Amino acid sequence: MTLFKRTVAFFILFFFMAINITFADVQRVYDEAGLLTEEEVANLEQQAAAYFEKWDTDFIIVTTESTEGKGIRQYLQDFSDKLWKEFNREEDNMAIITVDIGDRWVDLAGFGRAEKRIDNKRADHIRQELTPYLSDENYYEAFQVFMEMADEYMRTFPGVNPNSIFFNTLFQLAVSLGLAGIIVFFMAYHSGGKVTVTSTTYLDRNQSRVIRKRDRYLRKSVTRMKKPSSNSRGGGGGGGFRGGGGGVTRAGRSHSGSRGRF
Amino acid sequence: MVIHYKCPNCGSDMAFDAESGKLSCRSCGREDNIEEFSDEFIETVFEEDEAKEYECNNCGAVIVTDADTTATTCSFCGAAVVLADRVSGILAPSLVIPFTISKQEAEEAFRKWCRKGLLTPRGFMSADRIKKITGLYVPFWLYDLKNEAEVQAIGTKVRRYTRGDYIYTVTKYYDIYRDLRIDFSRVPADASEKMDDELMDKLEPYHYNELKDFKTPYLAGYIAEKYNYDAQELLPRVKEKLSKPIDDFIRSTIRGYHSVQYKEKHIRTTKTRSLYTLLPVWMVYYDYNQSEYIFAMNGQTGKVVGKPPLSKGKIAAWFGGIAAGSFMIMKIISFILTGGVF
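Here the protein sequences line up with chains A and B, keeping their order.
Counting in my numbering, the first sequence runs without a single skipped number right up to 874 at its last residue.
Counting in my numbering, the second sequence runs without a single skipped number right up to 1434 at its last residue.
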């Protein structure tokens, strides 16, 4: 009987969860500048909903014709605060991109889990990837780049470059084969016994010594090198403007970020 | 001239016993201390070509030997004999390290070594096909060498610091001079033509605290050889052997530099002494898969050297295992770090 009850309970729960996902959904694409077709908006909404299910994180796209004199960063923060109150999530996880078509600015930010996973450096990276699309007015493609890269970074441990060669299967295969080859070669090589005599085995320590020595200073040379700029906070964005890094909203929510012109 | 060791008690043949280090009689168990044994035979100087054929004192049979053999057993009666004229005069060894590992222990140690072989075929590991184990005194020269080295080099010291937006690298150059005395004592080099140099080098080191003045009874019951190369002929080989230890010593006297570039390295080597020494080696002849494998074991320390047969299957298994294992580990790390990017 208990098994039956449990099964029923499970199905009821599942049913409500399904309802929750399909019906109690929220708007995540705010195309106020009208850069996208209806179909494109629907596609992005669908994608964002799927990522919310996956990462418990809202992927938000905002376009506007004007930031009302606030500047792109303030505009993004206020918009995000507004959605935060509206969504009223248990956990404040949000990845947001804002495009100001009037002044041609783009700004990205990550809140909560997305702040950790999409840190300033990664936000810079995403922005650099999608800026060319924005410049060419391929807005839909730009937002898709945002979605896909954000998704990739969400599943990648902080500080790890997912495109690193170390994660390449062929590379890993080559390394493991090479390693096995070297180890087995040395096993075979040493199967006949090793030389265990060292450089000091036959050294006569009583007689061996330094008779005379001299260490004379000759000259010195000095070379100067420009310090590579550190990227720990924000850092070298494209378009001649620094990425800006993270910040804190008026509601006191901290975030990572990267902004620039296109 | 053939030397025999007859037991004063019972008249049986005596031979050297590795476990006790004494000359012992297998029939009655009498043991004689070798250090107190008279070596009247050593003093006799023979012409090198005087004796070509030896006759066993025991049974009268002709002892057939190789031209280099100095000790053997009579192939008819099994008595241990030492060919006195081949260990006398200029052919008289100065020192000997007696066997400390007996034949049984050698066999046991070899079996143990076989079992440890990671790449050897299963059939070989059981080590049940030992064809022959021979105790052999191999002629070596032990060299004492004096090296006078004069070295000139340029050394650099590098320091880095940051001022403002720049990293400064300061490299200071030094003129280095060293006058060194680098001595080595009792460096062995095998003087037998038959022995593989590489194999003999791997048998080292021997512990010299067990070096004894040479006495013929140590050879009783073993095979011994005389040297084919004299101390002068082998000197280049010893010098070559010591080139790395000399370099290492020189480097150890030049400290505190980031890099050292040698301009001149002048090394004068003088041989201060060379001692003709017999060192104990167990030769193990092993039949496997219709071919004979030869191993050498240090008769003092039990270290085994020699190329064992390698199993292709085991090599493949190890290779596959390591490759698969490391690939799996890398995949797991990728999975953890990138959340499932395959």
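One or more of the hints may lead you astray.
[Claimed, not checked] Here are the simulated DSSO-like cross-link-like pairs (lysine-lysine), alpha carbons at most 27 Å apart as the crow flies: (1) B:Lys1204 with A:Lys728; (2) A:Lys733 with B:Lys1423; (3) B:Lys1264 with A:Lys832; (4) B:Lys1423 with A:Lys666; (5) A:Lys806 with B:Lys1294; (6) B:Lys1331 with A:Lys839; (7) B:Lys1395 with A:Lys825; (8) A:Lys806 with B:Lys1204; (9) A:Lys825 with B:Lys1264; (10) B:Lys1423 with A:Lys806.
[To be verified] Far from chain A, some chain B residues (derived; all Cβ distances over 10 Å): (11) Cys1102; (12) Ala1153; (13) Ile1182; (14) Glu1197; (15) Thr1212; (16) Tyr1266; (17) Asp1271; (18) Ser1277; (19) Arg1278; (20) Asn1320; (21) Gln1324; (22) Ile1428.
To be clear, the hints were calculated from the coordinates, so they are not data collected in a lab.
For clarity, every value in this text was computed on a predicted model and none was experimentally measured.
Even for Gly, the Cβ is constructed at its ideal location relative to N, Cα and C.
Hints, verified against the model:
1. B:Lys1204 with A:Lys728: 57 Å, violated
2. A:Lys733 with B:Lys1423: With Cα atoms ~25 Å apart, Lys733 of chain A and Lys1423 of chain B stay inside 27 Å; holds.
3. B:Lys1264 with A:Lys832: The given pair, whose Cα atoms are some 4 Å apart, holds under the 27 Å limit.
4. B:Lys1423 with A:Lys666: 22 Å, holds
5. A:Lys806 with B:Lys1294: 6 Å, holds
6. B:Lys1331 with A:Lys839: 50 Å, violated
7. B:Lys1395 with A:Lys825: At roughly 41 Å apart (the allowed maximum being 27 Å), Lys825 of chain A and Lys1395 of chain B break the hint.
8. A:Lys806 with B:Lys1204: 17 Å, holds
9. A:Lys825 with B:Lys1264: It holds: about 19 Å lies between the C-alpha atoms, which stays within 27 Å.
10. B:Lys1423 with A:Lys806: 34 Å, violated
11. Cys1102: It holds; Cys1102 of chain B is separated from chain A by about 42 Å at its closest Cβ, greater than 10 Å.
12. Ala1153: It holds; Ala1153 of chain B is separated from chain A by about 38 Å at its closest Cβ, greater than 10 Å.
13. Ile1182: 25 Å, holds
14. Glu1197: 18 Å, holds
15. Thr1212: 7 Å, violated
16. Tyr1266: 5 Å, violated
17. Asp1271: Nearest chain A Cβ is 4 Å from Asp1271 of chain B, so the label is violated.
18. Ser1277: At roughly 4 Å from the nearest Cβ of chain A, Ser1277 of chain B sits no farther out than 10 Å, so the non-interface label is violated.
19. Arg1278: 6 Å, violated
20. Asn1320: Non-interface label on Asn1320 of chain B holds, nearest chain A Cβ at 23 Å vs cutoff 10 Å.
21. Gln1324: Check passes; 19 Å lies beyond 10 Å.
22. Ile1428: Per Cβ check, Ile1428 of chain B is inside 10 Å of chain A; nearest 7 Å; violated.
Consistency with the previously given hints fails for numbers 1, 6, 7, 10, 15, 16, 17, 18, 19, 22, ordered from lowest to highest.
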